[in-house]
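**Student:** Just so you know, the protein sequences line up as chains A and B, in that order.
Heads up, the final residue of the first sequence is numbered 113 in this note's numbering, and it's a clean run with no missing numbers.
Heads up, the final residue of the second sequence is numbered 116 in this note's numbering, and it's a clean run with no missing numbers.
There may be inaccurate statements among the hints.
No farther apart than 20 Å at their CA atoms in a straight line, the calculated lysine-lysine pairs in the PhoX-like style are these [said to hold, decoys possible]:
#1 B:Lys22 / B:Lys9
#2 A:Lys105 / B:Lys36
#3 B:Lys44 / A:Lys108
#4 B:Lys9 / B:Lys44
#5 B:Lys19 / B:Lys36
#6 A:Lys108 / A:Lys76
#7 B:Lys40 / A:Lys105
#8 B:Lys44 / B:Lys67
#9 B:Lys9 / B:Lys19
#10 A:Lys108 / B:Lys40
#11 B:Lys67 / B:Lys52
#12 A:Lys76 / A:Lys57
#13 B:Lys9 / B:Lys36
#14 A:Lys105 / B:Lys44
#15 B:Lys41 / A:Lys105
#16 A:Lys108 / B:Lys36
#17 A:Lys108 / B:Lys41
#18 B:Lys52 / B:Lys22
Hints in this document: simulated from the structure, not taken from any laboratory.
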Amino acid sequence: GQNIDQPTEMTATEGAIVQINCTYQTSGFNGLFWYQQHAGEAPTFLSYNVLDGLEEKGRFSSFLSRSKGYSYLLLKELQMKDSASYLCAVTGLSGAGSYQLTFGKGTKLSVIP
Amino acid sequence: DTAVSQTPKYLVTQMGNDKSIKCEQNLGHDTMYWYKQDSKKFLKIMFSYNNKELIINETVPNRFSPKSPDKAHLNLHINSLELGDSAVYFCASSQDRLAGGLDTQYFGPGTRLTVL
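For reference, chain B alone in the conformation it holds in the complex (with noise of 0.2 Å):
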């Protein structure tokens, strides 16, 4: 009973092209989040969602746009895909119970996008 799933794990594509993730957790948590692992490892928040509300966004092209149909599902499309885009997308969420965000965040397995 996976907690933090993705989808797909992997995605080949071509510059230019228009491709979407998904991600679903079946934790009850309230909050779910979008990070970049680009090649060097480094982690960095993208966007931040609570009960299907845009809390975080950082300075992120526009060509991404998150989606929450409901709060266990937030999707990341992306348009006119660019060789920078590729690297790990990992989703993660929270509960919501401690302020300050100090509540342990779950990821899920990750989807590498590569663009070529």
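Isolated chain A (complex conformation) (with noise of 0.2 Å):
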């Protein structure tokens, strides 16, 4: 089966970093993704990382650990629009056999001026 742990809530200042972390426990891992949702609003894609280390993408970072089963999220630069659930999920396999996406039950950042 699939387990995936992210704090449910952080509260951050704008123009600060936060990091948001993930520990998972999944069946065949492949892959770990994460998604910004804002409220009443379907999620979008930030980034995924397949290997070990760090993925920069301008003001947000993921970063993977494989074998300690941990991934983070770094925001830089915090802006009020940051503020956004971000959902940390991961591919691994079904008890069909196929791959599928689970999601963490995500993290409510909520930023302060």
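The task is to assemble the complex, starting from two chains supplied on their own in separate frames and drawing on the hints.
**Tutor:** Dropping the structure here:
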């Protein structure tokens, strides 16, 4: 089965840096995704990691350690518009033997002035 | 030019009714999905279709029946609606170029279903 843990809520100040952690246990792990979801909207893709290490994309970076079952999303120079839920998702084998994306419960980030 | 679209955006109905949600993608993707996001914002896969063929069918009541008339469309029909079916239903699609489920999924705007 799949198990994904991330903090429920976080608060950070505009202009600061915040790190959102995600730990996972899954069978047939292939990769880890981060999605952003603003309230009342659809999830949108931010980044994915397949190999260990850091992937940087502008103000957002994502890190993966496969041996530790651990990832984090780093958001720099926080802006008010970054207030959203951040969903950690892993690709692993379903019971039927096909790959599927399993989402964590999301971390609601509030950016305050 | 919307990539993944769903109709309707809002659906309010009585218990026991039957309803359908439609999804269309114009990205030329091979795989489409239905997800359910409950009141606690937990997003869970329900079904996945690849080129009109069912490939994932999670533990979902058989009152839920997906139908894919072609690879650009995946509709969801729900029979005998129950209070617990109230949620936001998201359609998504992905290209099937990468093995192991590594293709990015693109989500539709969601359908908020309220069962009274």
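**Student:** Evaluate each hint against the coordinates.
**Tutor:** Tested hints:
As the CA atoms of Lys22 of chain B and Lys9 of chain B are separated by approximately 10 Å, the hinted pair is consistent with the 20 Å bound. Among the hinted pairs, Lys105 of chain A with Lys36 of chain B is consistent with the structure: their alpha-carbon atoms are about 12 Å apart, no more than 20 Å. At most 20 Å may separate the alpha-carbon atoms for a hinted pair to count; Lys44 of chain B and Lys108 of chain A meet this at roughly 17 Å. The suggested pairing of Lys9 of chain B with Lys44 of chain B holds, with an alpha-carbon distance near 19 Å, which does not exceed 20 Å.
Pair hint Lys19 of chain B plus Lys36 of chain B holds up; C-alpha atoms about 15 Å apart against a cutoff of 20 Å. For the given pair, Lys108 of chain A sits about 16 Å from Lys76 of chain A by alpha-carbon distance, which is consistent with the 20 Å threshold. At most 20 Å may separate the alpha-carbon atoms for a hinted pair to count; Lys40 of chain B and Lys105 of chain A meet this at roughly 8 Å. With a C-alpha separation of about 19 Å, the suggested pair Lys44 of chain B and Lys67 of chain B falls inside the 20 Å cut-off, and the hint holds.
Distance check on the hinted pair: Lys9 of chain B and Lys19 of chain B sit about 13 Å apart at the alpha-carbon level, within 20 Å; holds. A threshold of 20 Å between alpha carbons decides the hint, and for Lys108 of chain A with Lys40 of chain B the separation of about 11 Å falls inside it, so the pair holds. Restraint check for Lys67 of chain B and Lys52 of chain B: satisfied, since their Cα atoms lie roughly 8 Å apart, inside the 20 Å limit. Taking the CA atoms of Lys76 of chain A and Lys57 of chain A, the gap is near 11 Å; set against the 20 Å cutoff, the hint holds.
Annotation: proposed proximity of Lys9 of chain B to Lys36 of chain B holds, straight-line Cα distance about 14 Å (limit 20 Å). Using a Cα cut-off of 20 Å, the hinted pair Lys105 of chain A and Lys44 of chain B holds, with the two alpha carbons roughly 9 Å apart. At most 20 Å may separate the alpha-carbon atoms for a hinted pair to count; Lys41 of chain B and Lys105 of chain A meet this at roughly 7 Å. Taken as a hint, the Lys108 of chain A and Lys36 of chain B pair is honoured in the structure, with Cα atoms around 18 Å apart against an allowance of 20 Å.
This hinted pair checks out: Lys108 of chain A and Lys41 of chain B have alpha carbons roughly 10 Å apart, not beyond 20 Å. The straight-line distance between the Cα atoms of Lys52 of chain B and Lys22 of chain B is roughly 15 Å, inside the 20 Å bound, and the hint therefore holds.
Of the hints listed earlier, there is not a single one the structure fails to meet.
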